[in-house]
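Trainee: Spelled out, the chains give:
Protein chains: 2
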Amino acid sequence: MKELTVGIDIGGTNTKFGIVDREGNVLHQGNIQTTVHEEFKGFFDSMANALRESFKDLPSDSSIVGIGVGAANGNYYTGNIEHATNLRWKGILPLSKMFQEEFNVPCILTNDANAAAVGEMVYGNAKNMKDFVVVTLGTGLGSGFVCGGILLNGHHGIAGELGHTSVNPTGRYCNCGKRGCLETYVSATGIKRTVYKLLADHLEPSELRGISFDNLNTKMITDAALRGDIVAKESFEYTGRILGMKLAETVVHTDPEAIFLFGGLSQAGELIFKPTIRHMEANLMPLFRGKVKVLPSALQNQAAPILGASSLVWDHFAKKGMEVA
Amino acid sequence: MKELTVGIDIGGTNTKFGIVDREGNVLHQGNIQTTVHEEFKGFFDSMANALRESFKDLPSDSSIVGIGVGAANGNYYTGNIEHATNLRWKGILPLSKMFQEEFNVPCILTNDANAAAVGEMVYGNAKNMKDFVVVTLGTGLGSGFVCGGILLNGHHGIAGELGHTSVNPTGRYCNCGKRGCLETYVSATGIKRTVYKLLADHLEPSELRGISFDNLNTKMITDAALRGDIVAKESFEYTGRILGMKLAETVVHTDPEAIFLFGGLSQAGELIFKPTIRHMEANLMPLFRGKVKVLPSALQNQAAPILGASSLVWDHFAKKGMEVA
Chain A
1 MKELTVGIDI GGTNTKFGIV DREGNVLHQG NIQTTVHEEF KGFFDSMANA
51 LRESFKDLPS DSSIVGIGVG AANGNYYTGN IEHATNLRWK GILPLSKMFQ
101 EEFNVPCILT NDANAAAVGE MVYGNAKNMK DFVVVTLGTG LGSGFVCGGI
151 LLNGHHGIAG ELGHTSVNPT GRYCNCGKRG CLETYVSATG IKRTVYKLLA
201 DHLEPSELRG ISFDNLNTKM ITDAALRGDI VAKESFEYTG RILGMKLAET
251 VVHTDPEAIF LFGGLSQAGE LIFKPTIRHM EANLMPLFRG KVKVLPSALQ
301 NQAAPILGAS SLVWDHFAKK GMEVA
Chain B
1 MKELTVGIDI GGTNTKFGIV DREGNVLHQG NIQTTVHEEF KGFFDSMANA
51 LRESFKDLPS DSSIVGIGVG AANGNYYTGN IEHATNLRWK GILPLSKMFQ
101 EEFNVPCILT NDANAAAVGE MVYGNAKNMK DFVVVTLGTG LGSGFVCGGI
151 LLNGHHGIAG ELGHTSVNPT GRYCNCGKRG CLETYVSATG IKRTVYKLLA
201 DHLEPSELRG ISFDNLNTKM ITDAALRGDI VAKESFEYTG RILGMKLAET
251 VVHTDPEAIF LFGGLSQAGE LIFKPTIRHM EANLMPLFRG KVKVLPSALQ
301 NQAAPILGAS SLVWDHFAKK GMEVA
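Here the protein sequences come in this chain order: A and B. Residue numbers are given in the numbering used here: position 148 of the first sequence equals residue 148, and the series is strictly consecutive. Residue numbers are given in the numbering used here: position 308 of the second sequence equals residue 308, and the series is strictly consecutive.
Chain A with its partners taken away, still in its complex shape:
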């Protein structure tokens, strides 16, 4: 019997799902809209139907052993999505319980960055590591910590909110209600804000002067930087300096072997890695210098959130020391 898991990534706009084997091959992939259902139950039923449809295509000698879900504000301990700011359904959504009752297999929920960290450990570049951090650079900045081979959930199930460490207490306004949080500088949105700050402060000509804030994206900034645009290049330097400074703080907390960068901004390659590493090393306590690697995630593709979520199930069985079947 071939054992398979379901990985689900619930985003604000789209919910992606896939059926994944132990080696990380995605046998089937699907997609439903997150936003169309007024009630959470409607969304859940639509998701359950899509899954049941996809099960029909599976080989007869296979079985689904569990469901993993990554979602912002997903609480590992309760299995609930709690007060998500990016979904239309408010309050407490008992997602794990609903999936378990519907499909009679374990359902493991965590936040999307934690799912990425477990994914990196199960399928990615952290396969042989026990102590590492994954930093996801998307609309915001998320992070997941693995310490001693175990995902760090914390006492309240909300560990790893690096995006809300402080760069400048009187700095940029953040969605969380504070000011100067790391994710207001280091994220797809953060680097856009930095480009606009640099365009405001300086006189240099830049191809980015012709693009509105709403239309600007990381890819455009990357391409401009590769063409030599001074403002675009400086925006990566500025972003990497702040990320490097803050990673130096994270390193002295948990002493990781490596920090993986994941998501759009990290795909700018050396443009972001070089200043990040340089400023991390410069700001590190000397005892730690030269010891901690900053690496790209191995899961830089469309299926990554699904792989991350599905890996929660393998991790769940590994932790329990349980046979899957």
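Be aware that one or more of the hints could be misleading.
Mimicking DSS-like on lysine-lysine, the simulated pairs with C-alpha atoms at most 30 Å apart in a straight line are [to be verified]:
#, chain 1, residue 1, chain 2, residue 2
1, A, K320, B, K319
2, A, K2, A, K319
3, B, K90, B, K2
4, A, K291, B, K130
5, A, K219, A, K233
6, A, K319, B, K127
7, A, K291, B, K320
8, B, K319, B, K291
9, A, K197, A, K178
10, A, K197, A, K130
11, A, K320, B, K320
12, A, K319, B, K291
13, B, K319, B, K274
14, B, K41, A, K97
15, A, K130, B, K97
16, A, K41, A, K97
17, B, K2, A, K130
18, A, K233, A, K274
19, A, K274, A, K293
20, A, K90, B, K291
21, A, K130, B, K233
22, A, K320, B, K130
23, B, K274, B, K320
24, B, K293, A, K178
25, B, K130, A, K130
26, A, K130, B, K291
27, A, K320, A, K233
28, A, K233, B, K233
29, A, K320, A, K127
30, A, K319, A, K293
31, B, K320, A, K127
32, B, K127, B, K41
33, B, K274, A, K178
34, B, K293, B, K319
35, A, K178, B, K127
36, A, K90, A, K178
Derived DEER-like restraints, expressed as beta-carbon distance ranges [said to hold, decoys possible]:
#, chain 1, residue 1, chain 2, residue 2, range
37, B, T35, A, Q300, 53 to 59 Å
38, A, P94, B, Q29, 34 to 40 Å
39, B, P94, A, K319, 33 to 39 Å
40, A, R289, B, K319, 46 to 52 Å
Since the hints were derived computationally from the structure, they do not count as laboratory data. For glycine and all other residues, C-beta sits at the position ideal for the given N, C-alpha and C.
Could you slot chain B onto chain A? The hints should help.
Mentor: Positioned in the frame of chain A, the structure of chain B alone reads:
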């Protein structure tokens, strides 16, 4: 057979040791000077002799099951003291191996703040906690993290160096070679520096104007503050503001249930706890507000470092799931 452990706290000046039972009772306590021996072997022999002497007084139905040692730069993985800045013997000192060979019992080494964290878990206020942080406020600022009931050692065995997170990259000079590290502001030395800064900046009369930097200590600042001295009071406010700001960053890393403050500065009670808690809450990401306790350590007495070190042995057996005897 009554099982006993040895706890040893190696400080720059004095080395304290004690024999401790499972309940944390110290049956015997002793002390040798750390500084008199030119060679590390001489210090070790003197320590071993003192231990053998102390074993003579023990009840005949008791046995020593292990030795725990807390020392700055003690590496849990290697059992070595590595490049300690506070000892006269340089390089790598294979302490655990030497004790194991001498007494034929396990010897567990870690840094002093980690020992304090395990001590809090085994004997102190963290008995029923799985996720907490201990911050030791002595000459410097040390910290130990327990996550999921396990001491966080990190990949290189040097996790938890909160004293070297950054308050201000162009701030006070630190022994580590950087500038503006947390311990240059928040520690027994840090608050002295703050008193001197405030005396330099302000005109207020203060009884502390009559005391030299070398003679000033935390107790004097505490007593002056309790008598209403404006500079002394403000120095606690200043210290608590910085500590609170930085603890807010630590909280979003590991999501602890509580943070324990340990050591001289923490014995100033409300003078330090009130501003620390106020500024931690003000700087916390809203999701975490009101969730994390800041508490005094339960091990605020002379025997605390010995208890902490001895508890490493019980923790070692608990982790291995081994019978002690």
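Trainee: Give a verdict on every hint.
Mentor: Okay, the hints, checked on the actual structure:
no.: 1; hint: K320/A <-> K319/B; in the structure: holds (16 Å)
no.: 2; hint: K2/A <-> K319/A; in the structure: holds (20 Å)
no.: 3; hint: K90/B <-> K2/B; in the structure: violated (38 Å)
no.: 4; hint: K291/A <-> K130/B; in the structure: holds (28 Å)
no.: 5; hint: K219/A <-> K233/A; in the structure: holds (13 Å)
no.: 6; hint: K319/A <-> K127/B; in the structure: holds (24 Å)
no.: 7; hint: K291/A <-> K320/B; in the structure: holds (29 Å)
no.: 8; hint: K319/B <-> K291/B; in the structure: holds (28 Å)
no.: 9; hint: K197/A <-> K178/A; in the structure: holds (19 Å)
no.: 10; hint: K197/A <-> K130/A; in the structure: violated (39 Å)
no.: 11; hint: K320/A <-> K320/B; in the structure: holds (17 Å)
no.: 12; hint: K319/A <-> K291/B; in the structure: holds (27 Å)
no.: 13; hint: K319/B <-> K274/B; in the structure: violated (36 Å)
no.: 14; hint: K41/B <-> K97/A; in the structure: violated (61 Å)
no.: 15; hint: K130/A <-> K97/B; in the structure: holds (25 Å)
no.: 16; hint: K41/A <-> K97/A; in the structure: holds (13 Å)
no.: 17; hint: K2/B <-> K130/A; in the structure: violated (37 Å)
no.: 18; hint: K233/A <-> K274/A; in the structure: holds (12 Å)
no.: 19; hint: K274/A <-> K293/A; in the structure: holds (12 Å)
no.: 20; hint: K90/A <-> K291/B; in the structure: holds (21 Å)
no.: 21; hint: K130/A <-> K233/B; in the structure: violated (45 Å)
no.: 22; hint: K320/A <-> K130/B; in the structure: holds (18 Å)
no.: 23; hint: K274/B <-> K320/B; in the structure: violated (40 Å)
no.: 24; hint: K293/B <-> K178/A; in the structure: holds (21 Å)
no.: 25; hint: K130/B <-> K130/A; in the structure: holds (19 Å)
no.: 26; hint: K130/A <-> K291/B; in the structure: holds (28 Å)
no.: 27; hint: K320/A <-> K233/A; in the structure: violated (48 Å)
no.: 28; hint: K233/A <-> K233/B; in the structure: violated (48 Å)
no.: 29; hint: K320/A <-> K127/A; in the structure: holds (19 Å)
no.: 30; hint: K319/A <-> K293/A; in the structure: holds (26 Å)
no.: 31; hint: K320/B <-> K127/A; in the structure: holds (24 Å)
no.: 32; hint: K127/B <-> K41/B; in the structure: violated (37 Å)
no.: 33; hint: K274/B <-> K178/A; in the structure: holds (22 Å)
no.: 34; hint: K293/B <-> K319/B; in the structure: holds (26 Å)
no.: 35; hint: K178/A <-> K127/B; in the structure: violated (34 Å)
no.: 36; hint: K90/A <-> K178/A; in the structure: holds (21 Å)
no.: 37; hint: T35/B <-> Q300/A: 53 to 59 Å; in the structure: holds (55 Å)
no.: 38; hint: P94/A <-> Q29/B: 34 to 40 Å; in the structure: violated (54 Å)
no.: 39; hint: P94/B <-> K319/A: 33 to 39 Å; in the structure: holds (35 Å)
no.: 40; hint: R289/A <-> K319/B: 46 to 52 Å; in the structure: violated (31 Å)
Figure legend: structure checked against the earlier numbered hints; hints not met, in rising order: 3, 10, 13, 14, 17, 21, 23, 27, 28, 32, 35, 38, 40.
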